Amino acid sequence: MQPATNTGFMKAILRKYLVKQASLFPWLIVLLLVAMIYYVVIGIIVIQENAEGIMAFLIVPYLIPWILLLAGLDYTFRRILKYRLQKVWLIETTILIAWGAWYYHHNFYRTEFVTTSVTPIIVFVKDIQTGKEPERDFLQQSTTFIIPPDNILQLKTFLRTNEWRRLVARTSGGYRYKQIYPMTFMEKDTIQCGKQSYPIQFFILESEKYPHYRFDDKQFDSMRTAVCNKLQLK
4 MQPATNTGFM KAILRKYLVK QASLFPWLIV LLLVAMIYYV VIGIIVIQEN
54 AEGIMAFLIV PYLIPWILLL AGLDYTFRRI LKYRLQKVWL IETTILIAWG
104 AWYYHHNFYR TEFVTTSVTP IIVFVKDIQT GKEPERDFLQ QSTTFIIPPD
154 NILQLKTFLR TNEWRRLVAR TSGGYRYKQI YPMTFMEKDT IQCGKQSYPI
204 QFFILESEKY PHYRFDDKQF DSMRTAVCNK LQLK
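Residue numbers for the sequence shown follow the numbering used here, beginning at 4 and rising by one.
Hint data in this document are derived by calculation from the structure and do not stem from the laboratory.
Some hints here could point you the wrong way.
[Stated by the list, open to error] Heads up, simulated BS3-like pairs for lysine-lysine below, C-alpha to C-alpha not over 25 angstroms straight-line:
id, residue 1, residue 2
1, K129, K23
2, K85, K23
3, K135, K159
4, K198, K212
5, K181, K212
6, K14, K129
7, K90, K23
8, K129, K198
9, K233, K129
10, K159, K90
11, K159, K129
12, K221, K198
[To be verified] Each pair of labels, with its calculated beta carbon distance range:
id, residue 1, residue 2, range
13, A104, Y213, 18 to 24 angstroms
14, L66, K159, 34 to 40 angstroms
15, Y65, K181, 26 to 32 angstroms
16, Y213, I16, 22 to 28 angstroms
17, R179, L72, 24 to 30 angstroms
18, E209, V44, 46 to 52 angstroms
Quick caveat: nothing in here was measured; it's all calculated off a predicted structure.
The beta carbon of each residue, even a glycine, is placed where N, CA and C say it ideally should be.
Please take these sequences and the hints and turn them into a complete structure.
As structure tokens, this is what we get:
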């Protein structure tokens, strides 16, 4: 009789918090549990063919703290507000909107440059034949550019419109640059290497090491030489 008793207890709990005395956070907990179960099932299926399927199980330790946090907050609000569910709904909805706005600002339409070490400048060269496609996250619309040690990156396509909205940069070691300045220098948006022209984009990265990097004709010529040398090594 014990399994039946446990089942009845669970049904009563679900009916209470999802129907009779429903609020927002219990429904979010249900959605997170469904997502967690879905990823675990996918992981079990994939791991039979590919060991990398075990990565799907990482969602469990990631989501459990969120589930516990939501459950704790919902319980606290209900106790403090004496089960006045309209106010509980209002508070929980406000928290969700505020968190959603914060998450959107930090993760959506975000372009990140990752350099090997602290550098004052990075250069993008449009090279359709041998260039790479950047790592674009479709769901978050975020893009990551892994910059090689010479700070010259050959790409098949440049930044899209949404990828200019929020530019951030860091080193692979975790140092974060202060500011990023997209540059056009005397309307020179191409570099001539031999008989071929290559479209370019370049960015000044401000840091403690390079707080006010001055870019002039000499710097541009040096950059052109470095780019052409790299292209000729292909």
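Hints, one by one, checked against the model:
| no. | hint | verdict |
| --- | --- | --- |
| 1 | K129 / K23 | violated (60 angstroms) |
| 2 | K85 / K23 | holds (15 angstroms) |
| 3 | K135 / K159 | holds (6 angstroms) |
| 4 | K198 / K212 | violated (37 angstroms) |
| 5 | K181 / K212 | holds (11 angstroms) |
| 6 | K14 / K129 | violated (60 angstroms) |
| 7 | K90 / K23 | holds (16 angstroms) |
| 8 | K129 / K198 | holds (16 angstroms) |
| 9 | K233 / K129 | holds (13 angstroms) |
| 10 | K159 / K90 | violated (53 angstroms) |
| 11 | K159 / K129 | holds (6 angstroms) |
| 12 | K221 / K198 | holds (22 angstroms) |
| 13 | A104 / Y213: 18 to 24 angstroms | violated (33 angstroms) |
| 14 | L66 / K159: 34 to 40 angstroms | holds (36 angstroms) |
| 15 | Y65 / K181: 26 to 32 angstroms | holds (31 angstroms) |
| 16 | Y213 / I16: 22 to 28 angstroms | violated (59 angstroms) |
| 17 | R179 / L72: 24 to 30 angstroms | holds (27 angstroms) |
| 18 | E209 / V44: 46 to 52 angstroms | holds (47 angstroms) |
In summary, the numbered hints that this structure violates are 1, 4, 6, 10, 13 and 16.
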